Structures are given as C-alpha cells and as structure tokens.
Amino acid sequence: MIEIIKDTKIDFMRAGRPLMGLSLLLLLGSVGVLLVRGLNLGIEFTGGTELQIKYAARPDVGAIRAALEAGGLTSQVVTTIGDPSENEVYIRLGAVPGAGDEDLTTRVARTLRDADGGSGRLDLNVADAASIARLLAGIPDVGAEPATALAQAIVAERREAAIFAGFDELQAIPGFTPEIGEFLRDTAEFGPFAVRSQSYVGPAVGRELVRKAAWAILLSLVVMLLYIWVRYQLQWGFAAVLAVAHDALITLAAFSLLWKEMSLPVVAAFLTLIGYSVNDTVVIFDRIRENLRNRVGGSLEETVNLSINQTLSRTIITSGLTWMSCLGLYLFGGPALNAFAFVLTFGIVIGSYSTICIASPFLVMWKRFLDRRARTTATAAAAPGGRPARKLRNPSSRRAG
Amino acid sequence: MPNTPLMWKLLVSAAVVGGAVFAIYPPQERINLGLDLRGGAHILMEVDTEAAVQYQLELSQTRIGQRLKEDGLGYSSIVARDETSLEIAGTDAGRGADVRKALEETVGGWEIVEISDSGTGRWRVTVPPDARAYYTTTAVDMTLATLRQRIDGLGVSEPLIQKQGLQGDRILIQLPGVDDPERVKDLLQDPAVLEWKAVTYPPGAGDTANWVPPTSREAAIAQFGGALPADTELYPEPFTTEGGGTATLWWPLKQVSVVVGNDLRNAFRSSDEWGDPAVSFELTQEAGRRFEAATTENLGRKMAIVLGSAEAKTVISAPVIRGRIRDQGIIYGRFGVTEAEDLALKLRSGAIPTKVSIIEERTVGPSLGRDSIRAGLAAGLAGFGAIMLFMVVYYRLAGVNAVVALALNVLLTFGALGALPFLFSGANVRATLTLPGIAGLILTVGMAVDANVLIFERIREELRLGKTVRTAVDQGFSKAFRTIVDCNVTTVGAAIFLGLYGTGPVRGFAVTLIIGLTASMFTAVWVSRQLFELVLSGSGRRERLSI
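Chain order of the listed sequences is A and B. Sequential numbering from 1 applies to the first sequence in the working numbering. Sequential numbering from 402 applies to the second sequence in the working numbering.
Isolated chain B (complex conformation):
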C-alpha cells in the first residue's frame, strides 16, 4: 500500500488528468481547429478611408438634386469640381435664400458659398476638414457593419470579423468551412452602390419607349451634337452579342439619381413574369414619394438602374416605365438564381461607403484540410509509436513509465487547448490547433522524451557507480532537473518570439510548443517521479530497478 503523501500526489495527478479530459470532451466542440485544418477563408481587407469622402460627395450630389427638385428650385447641373466640393449651376438667381436654405438642410455643416454669376445662380459646397475627418474615421466602422450583415447572409458558422492594423484601417475576416471563396470575395468587395437614373434622350429620338443608345461613346456624344448636356453623363451597359462577343451600350443618363440604394428598406429575390430570377425591392416612404413623382414624369420613357462603385458603374437594365411606381419595384437583369440572391443581400446590407481591397488572402478548401489532418495524425502516430517502442525496449519498465508520462503530456496539451478559451473568455485568445501546431505537438513529444532520457541516463550512471536504487533515483531526478529546465527555457524562449511575431498557423505552432513543453515539465519530472515512487514503495528495499 503506497504511503499517504504518495497517495495524495497520485490523486493530484489523477485530478489533473481528469481536468484535461473534461476540458477536451467532446473534442469536436472544444478543440478549435485552425483554418488550415478545417478549411475556410482568411481575408484581410484594407479600407480606403480617403475614398470615403468621395462616396459622401456623390451621395450628397444626389441628395441636393433631389431636395432642390422637391422644393421646386430648378438647376441645370450639379458637378464635382474637385475631390471635396460640388458646384451647383443654373439655379434661379432670384431665389437665392431658398436655395441656401435647401443646401443647409441637405449638407448642413458643409461650407456653402454662392458664386455670383451673371443672371443664373451658381453655388459651391465644400466638405470642411472636420467633416472629412469624420467620414474617414467612420468609414471603417460603416464598412465593418455592412460586411457583417453580408456575412450573416452567407450563413457561415462562427465567422470572425474585426478591425486590425495600427492605423485601424484594416478588417480581418475569417470564415471557416467556406466552399466557394469567389462568391465570398465578391460579396465582400462589391460596393454595391445602386442608383436609378433618368435617361437624357438626344434631340430627335422619337420613340422613347424603344430607343436604344449606340454602342460607342463617340456615336453617343455625336447624337447630342458633339457635347453632352451639363447634367448628363455616359454609363456603359455591357452585353453579349449574337456571335458570342461582348459589346457595350452607352446610355446618356442624368448624373443626379432619382433614388439610391440607401433609400431601400428591403430587397429580396423574386421572379419576373417569365419565372427568371429578379430582385424585388421596397423603398422608404420618403424615397417612395420621390420615386412616384419620377415615374409619373417619365411614363413611357426609360429609366436606368446603375450598379457599381465610384470608379466602375454599369447599367444593369433600363426598363420602360409603364406605370406609376411608388415604393415597391422589381429589378430585372440577366441574373442567375445565386446572382439575384447575392444582389438582394448586398442591397439589404447597404452599400460599402468607400473602396475596399483585399491585401491578403489564405483560403484552404475543406478537402485539403481533411487531408492535412490525416497526414498530421499519421505522422504523429508514426513518431509516437517509434518512440514508444524504443523506450520500452531500451529502458524496460522505466520505459513504460516514460510512455505514460508522454501520453499524459499530449493529453494535457490538448486539454490546455480546450481550456484556454475558458480561462480567457472575453479576451481574444483563441488557442487553435493548426497544421504546424500538430507538428509542434509531435516535436514536443520528441523533446519531452529528452527529459525522461536525461533522468534515466543519470539514474543508470548512479547505479553503475554503485549507489542504492533509492539514492540513484533521487540523484537522477535532482541532478537532471536543472538541465531539463535550461533546455526547456531556451526552446520556450524561441517559441515565445514566434508566438509574438507570427500569425495564424505559425502562432498555433508556437502556442502548442510552449504548452507542450511546459506540460512536459510536469509530466516528465513530477508524474514520472510519482510513478517511480509507486514502483519503489513496494516491499522494503529494492535491489534492482527495471531501467
């Protein structure tokens, strides 16, 4: 019967084992697999905070135009003069006070200046520096919110979306288990700025309902006598020709939009009258009024639906307005089912108020992830098996001792990986098991066995010198201890820097190495010792030791 202190120590060991098992059961839920094992997308995006100002400028262009129209104040054009100001031309010089009021209520806070011109009114509105700063700082937050909504719509489990980077202008997105990364990246990068614009028909275009614009910019401009009107711009609509090639229709559209995507209250996939996929939308009440007025005005004429970012806008369709549309409508286009669904999702989640670009991407397909797990397990079993075999053959019963300690080491490492989220819940510490992490585990076993070998060789040396079994064991453990500490400290030291400076999979490697080696101190020294004591505490003095 082992003596009481030994029993307590064995109980402590058992308790630790129990804790580890508890922490990792059930393994599917507790152990957080990295993206390289689970499959998934890791995407780092950079938000162009400067472009946010331009986006606001464009939005304001539309809002000013809408407001002036509502107030019955005419204008001939609203054009962006430079990156931070708009110029409104052709207003009624006599109604300057009303114009100023309308501008103040639309772009309040901006600098509003009336540039006097002969006869017609001319105004310039400029974004002040503090508003500029506001737009740039909130650009990231607004983008984050929009992206979150879009990712929600994807139905990915446990997505990770957070700000990153020293300037706070990066967004990190991790989506486990993603099968179609192209679709995901499109959803994340498409600014999805949607606008309805009225068509400016060239003089002499008779049949407004069936008019089709020409396929080259020059021809389009020529139709207006060589120069487009001040409030009109050309927008392309690409399409496939009969022969399979691509061509572009160039639509002359009013710059100021009737209704924009921000006015949408809801959007969802539906079908048109032929059963093809389309996107239905609902407008806010205020926008609905505007839309109703615009459709009434444009009965029998075409209105274009334009989609795109600030740099690349395209017309997706230009239907004829056949009836008054108030606050519900439908967008037709050459959509597939998924495309319509994705467009609806983008519209629902709002436009991205600036330009975003992907600066880093790592995507691992799920099949590759499974292969990696299998390979890692195979290598681990091979390595562990070889070590186990050697230890038992070379050190006999002490070898079994070492194998038990090693097995415990692995168990404790997994347990720590499972328990870490508990200990630091709330903090962004996720101990994930990555492929290099599995390698780290295998390495830990190889290094942990070093501790055992150091001790056993010492014990053998002492026995050779003629010491008693008990003394040899004691001396072996105490003399080897300092060396073991030194060794582990150096490797852990290297691993700490890896953990600090590494990312993703490399950090997983560092974490498993550190946890594994620390646990090995416990198992190889303390637990192994207790097991020796267990063997030695048998009957009286032992003459021989199976080592």
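Same shape as in the complex, but just chain A:
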C-alpha cells in the first residue's frame, strides 16, 4: 500500500513553545488588522440596497456614478464585477438621505434607465412573457396563441444570454418574422441593461439578521463546549475552544485583509469552520484519551506526542481532501460562493495547524501548570490546614469514579 506517512516520530510538543509564540503573534496581528481595517459588512448587516446589472455594451462606471448622484442617490459604491467581457456592474447603496427606509431598487433602475434616455416603450430586456405576449397580440395577423409562444421563446432566449443587444439576436427565434421585427422596432425597445439580481434590506430586518447570526454563533460555541465537557473533560473543552477561536480570528483577519464581503452565507461558513476545527481536535483528543486509558505512553507529554503522530496520516489526508473540495468551490463555484469558499479554504489549513500546535500543547501546558501548583500547595499542605493538591485527571477516570 502507498503510505505517505508511516511511523513518524516527530516531537510536536518540543516545537510547541515556538509555534505557540508564532500563533500569539498571528493573533495579535489579526486583532490589529481587524481594529484598523474593520470588516466589509454586506447589506444583510448594514441594511441598504444592492444590484447586479449586466449591460449590453461596456458600461461607463463614471457615468453611472454621475447619473446616480444626479438622481439624488448618494453614498453609493459602483464597481465592475466578474469577467470584464461580461459587462457587469455592482451597485451598492447605503442609507440615502431623504429616502428614509424606502426600497430603492426601483429608483436605481429607473434613474439609470432615464439617464440613458428611456422612451417609455416596452423594454424587451426586462419585460416578462405576459407583457410581451400582449404587445404581440396587437399585431393584426398574430393570434393569441402564437403570440404567447413567441413571447415565451423570447424570454427563454433572454434567460440564456441575460440581455439582448439588438433586434438581430431575435432573428434566430422560431416564429419570428420580419413583419414582427418591424412592429417591435416601432413599439418596443431594448433597454441598455438588465438587472441580474437586486436586494434590499431594511434597517429593521438588518438588525434582526445580525442578532440571529450572533445568537447562532454563540449557541454553537456553547453547545460545543458542553459536548466536549461531557465527552472528555472541561479543560479539554477550553483547549478546543481556544483553538477554534484562534482559527476564527485569524481567518477573519485574512478575510478583512482581502476585503471580502461579509454576508450570512459567510457566517454559515465560519460556523462550519468552527464545527470542522472542533472535529479535528476531537479526533486527536479521542486518540489521546485512548492512549491514556491504555497507559501506552509515559508522561502526558509523551502520550500526546504519540497520539498526534499516530493520527498524523489521517489528519493530513482528511484535511487535504476536504481542503480540495473547498478549493474546488473557491475556483469554480462562481462569484456568489467566493467569499464562502475562501473562509473554508483558508480556515481548514489554519484549523489543522491549530489542533496540532495549539490544542494539544495547551493540554500539556495546563497539566504542567497544575502540577506546579500542586507542588507548591503540597509544600503548604505539609503545614496543618493545607489543602490537597488537584491533579489533571484522566477523563476516563470519570467513568470509573
């Protein structure tokens, strides 16, 4: 059999100190980044309006900004997104003075359309099948049935391309005749753009979403802590949560550095990352517990070292495979999943690192700290009135006792 890792005997614990130092540096750096840069919060959290618009021809971002300003829609972000050949523009509006809590998506679309000289005719890039069918039914030789069929075909074609640039693109549609083309030229037009998606989140709803997200994260962490407490031991729980918090914080800082947009799916990704990181930690804790029970190693430090070495193969392979899935998402999943996939792709790497280099050494350090305290208390206990020392218990002894 092919084996990448076999019978390793890496002393992870000795590398523990410097690595924890590195982690501390990373953590401080992360906090610094977050304090200075903050987070790019999406409209789900801040409230606001967001549109993704596809233009028929290359859009002039400056002109768009000017048109919006002229329409009284200030405080906007206008950028091109995606492949430049797609001619897509992303527009985001915060709170607009004077608009109150109004849903601004209609106003944005209208302002942009007017700026391009709307004529009030039916916009074939926007209208639905029923409206187009009604228009076509007005043609003397065209009955209701063929009109509906043709309208639906036009809309279906438009869904593929997202936008029509001109009448030529209609030629290929079955049922389309030059006479119909003439009629449409007089009665309809092609708007300059089509809206691919739009969102509006009012302030009340935004606050609720933030609250719900916060609760979800908080409760998840608490439940995880409880679960590990029940299955293992409380300080192991702390070790796991410490590792998780470390992962989340560093990933959040990377997220902020790249200025990716924080949205609810991204919160979901963080929660999944937390679950995954605990996952990872649990596997090694399980092995540590098993080895402790079987009294395989010598000191706790040696047992922990052994356990990590034994599970190293599995850790690397699984992390690698999960990481590959997430990388696939990041590369191929499209712009909608980009931020989501980034969190997981980055976080999984950090997560595996933290399990080996944070959680496990933490256990050892905790024991050393307790031992040291036990020794000092034992000395004090020699004198009357002293208290007995507390030991780091093997979690399996909970069962027996």
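Hints listed in this document are in silico derivations from the structure and should not be mistaken for laboratory results. Misleading hints may appear alongside valid ones.
As the list claims (entries may be wrong) - Here are the simulated DSBU-like pairs of lysine-lysine, each with C-alpha atoms no more than 35 Å apart in a straight line: (1) B:K470 / B:K502; (2) A:K367 / B:K880; (3) B:K714 / B:K502; (4) B:K410 / B:K868; (5) B:K880 / B:K410; (6) B:K564 / A:K212.
Said to hold, decoys possible - Quick list of simulated restraints, FRET-style, between CB atoms: (7) B:L778 / A:T74: 54 to 62 Å; (8) B:P427 / A:Q152: 19 to 27 Å; (9) B:E512 / A:A70: 50 to 58 Å.
Note that the coordinates shown come from a computational prediction; the quantities given were computed from them, not determined experimentally. All C-beta atoms in this analysis are idealised placements derived from N, C-alpha and C, irrespective of residue type, glycine included.
Position chain B relative to chain A; hints supplied.
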C-alpha cells in the same frame, strides 16, 4: 456466495438506494430549487396596521356622503377632524333624527355625537377603540387576500404568500421565476384606491365642458377668491408638456366621492375609440344607481377619476360626462397595454386597505440562477473527481469502496431532499436546494470521506501491528466509530443552530449539511462495512487486503 445475513444487509442497502432514486425521480419535479437557483423574487412586506384606521375613515367619509345624499339630507362638508373622527357640517338642524338614523346605518357601532351649533346641524362620528382594534387586526388578513388575488393575476407558478413576524404584521411573498420584478413590486405595493369625484367649478368658469384648471395651487385657490369651499380639495394631475418637461394641473374636486373602487364588480382591459388601451369597469347595482344619478346631475360637466393611496392621490383623467352612465363605464388614460392590464388587475382584486411597505427584497434573475447552478455543479464535480482519484490511488480497492459509499451519500441526500415534503406534507417544511446548499453538499462529501479515512487508517494500523485481515477490519470499524460519531455530532450541532437562526439560502445549507452528514454515518460505516464483508466473504481466509 455471500452468507445469508450479509445478503439481507445488502438487500437493505439496495432497498434504501431504491427508495432514494424513487424519491428524486423525476428530478425536475421532486427537487425543490431555492430562489437563488431558480430565479425569483423574495419579498417581505410590512403592513401598517395603524393606517388601516385612516383608510376606513376615508371610506366612511364617502359612504356617509353618499347616504346623506340618497336620503335627501343636505350637508356642506364632511371633514376628518383627527385620525379617528369625522365631522359633518351643514346638515338640516330640523331633521336631526333622520340624520342620526342615516349615520347609524352607515357607520353603525361608531360613536355618533351631535354638536349643536346655531342654525345648522353639526355631527361628529368617532371610531371606537374596539372598532379600531378590529380594523388593525383584520388589515393584515384583508391585505393578504388582496395580494393573493393580484399574484394570481400574474400567473406565477407556485407562489408562496404567508403571514410572518411575531406581531403578525408581515407578509412574506416568494415568486419563483419572475422576470420583471419592478412590475411585481408595483402590483404588490400600489394600494389602488380608485374614486370618482365631481369637479367644483370656480365661480365664473363658463364653459364647463372645456374648462381646464390652472397649473399651480395658488392660482387654483385664487380662482375661488382665496379660499376653497369646505367640501372641496385640490388634487394633482401630472402631465408632460410639449417641451418634454412635467407640469401639474390642480383640480378642485369634492372630497366625498361619488363612487369608489370597492363598488366595482369587475374591471378589465379594453380599448377606447382610437384603439388605445383603456380599462372598462362594471359597478354593483347599488353603486350603479348612484352613478346614474351623479352622471345625470353632471351632464356637460367634468368628473375626475382619482387613483392613489391615502397620501398620494392623483387624477388620472377627468372626462366630460356626455351621457347618463349607469353601471358600466370606461377609464381612459395614457395607458400602455401592460399598464391597463395591471390597473384592471388591481381594481379587480380590490384596494389594499392600508399602507404596505417592502422591508426586505431579494430578487435573483433566472439567468443568474442558471449560472449559479452551473458553477455549483462544476465545483461539485471537480471536488468529487479529485477525491475519487485520490482515494482509488491511495487506498486501491478500499478506495473504490469509499467512492461507492460517497456516491451513495450524495444520492441519499438528494433523496431526502425530495422525500421530505412527503414526510411532512401539510407542515411548512420545504427542503429546498440552494446555492449554499450545493456548497453544503460538496462539504459533506469532503467530511464524509473523513469517516472512511479514519476507518482505513485504523485498519492499516492494525495490519501493521500484525493482526489478521478480518480482525483488522473489525477493529478498524469499531475503534473509529466513536470518533466518527463525535466529529459528526459537533458539525451537525453547529448546523442545527444555523438552521434555526438562518433564513432562506443559509437554512438550505444547514439542512443539506445535516442530512448529508447523517446519511454519511449510514454509508461510511454500515454500507462500507457490508462491502468489505462482500470482499472478505470470498474464499476462506484472506491474507492480504487491498487497502
């Protein structure tokens, strides 16, 4: 030949697979795609329950005026004094009993008080608190009914309309496959309160048939000598001037309407004499009588058609009454075909009895939905392919075992998504596949393979320690099992909170993750085991294992 218990277990596995395939066939119908994949509009609306009282007040204003007129009781004005009461002035002081009877029959239940004044009668009617409560609680239901009718008129398949929110004052609307969200939002938000009002001509306006009001409020008021009569108010009619700009005509109209939209029995799109789109309507019999009387009275004069909500009413046209109109009529305006159709739909479905506003909207165009599906599938195939390749190369035949288990996992997850509506039919549980849901599926595969890897690594370890093949397999599965459970429980735990607190797409992610990981317990542990048994049950003792 595999032994009997193994055969039964394999049959069970096959049955489960069969069930899953059955649940998702045909995929177009069974798998419910979320709005972000299908394209569609998600709109959350808030109903202003307070404004419902104001709407009722206005409606009552008209009804009282109509009733007093029918009974031959004159009045000079009916005005809203504050948010909850109307004041009727100028009634015949001598016919107080008749006036009171008329009021009781129109706004029965309201508080009716006669304010004595010298000479002319003066009355105040106030909405009592319990009627106020009734209007506010029924506002949402009435709005819901109206919106349902309007959405029906759109012809959207499988719309979702339901009440939401802790105070019950929100309405959630989901419309899959919507191409023109602006039209939809207009239909949902337009209160479409329609009224016919008679024109109050200023003194000295000679030619009533061709009179046109001035374009500024001041000029309009000046025409009445500086102050409008008590029963008249100004209503704007915006129009485009020759040069392309906009201007407004200010019509002085009677506050009390002759006929309101609630009196319509039907409305539909038609054409006027030039073939331009218009809206034809039919009135109820009772309203028809009133209309006939009013048109007879106003022959040769203009009557305005006013449309709008309580705050923003505009005149859409003010035709001259050339003949008696009983219960059928036509509304002209500068309508396009779709506009006329939409107005007819709004009139047919009734006015929205209060103010509604959109507090959340997510609309995804169908083209973006398709792109998302394609991207999700591409990512899924890439990820799955990479995993498959690795597993087969690294673990050989056992790797094939794992791949089969993973494929089954995906199949079962889809099957559960398709079957959930069956299991909880009636309850509002719709397991939808969203874009984050696809991501969840991909993640599940990545995590499910973890279970297999845990088991295989254990087996390899046992083999390295010199155990027999059979023992190694048994030990591998049993030792790894607890760890697998722990891992899945923690991730599922996080996903449960996501499902509880998340909305829409995020909930889809949580649901697919939970289903996927639960199914992975079955496939990675049970099914994988059976496949191992199948391989091992061959001839006698096995010396080597392809792992």
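Restraint status (C-alpha distance of K410 (chain B) to K868 (chain B) at most 35 Å) | The given pair, whose Cα atoms are some 26 Å apart, holds under the 35 Å limit.
When you take the CB atoms of P427 (chain B) and Q152 (chain A), is the distance between them in 19 to 27 Å?
-> holds (21 Å)
In this structure, is the beta-carbon distance linking E512 (chain B) and A70 (chain A) contained in 50 to 58 Å?
-> Since E512 (chain B) and A70 (chain A) have Cβ atoms about 52 Å apart, the given range 50 to 58 Å holds.
CA of K714 (chain B) to CA of K502 (chain B), is that 35 Å or under?
-> OK: K714 (chain B) and K502 (chain B) at ~32 Å, within 35 Å.
Could you grab the alpha-carbon distance between K564 (chain B) and K212 (chain A) and see if it respects the 35 Å cut-off?
-> holds (20 Å)
Regarding the pair K367 (chain A) and K880 (chain B), is the alpha-carbon distance no greater than 35 Å?
-> holds (27 Å)
Given pair status - K502 (chain B), K470 (chain B), alpha carbons within 35 Å | Distance ~13 Å between K470 (chain B) and K502 (chain B) Cα, so the pair holds.
Are the Cα positions of K880 (chain B) and K410 (chain B) separated by 35 Å at most?
-> holds (21 Å)
Regarding L778 (chain B) and T74 (chain A), is the given constraint of 54 to 62 Å on their beta-carbon distance met?
-> The hinted range 54 to 62 Å is violated for L778 (chain B) and T74 (chain A), with Cβ atoms some 41 Å apart.
Going through the hint list in order, the structure does not satisfy hint 7, though it satisfies all others.
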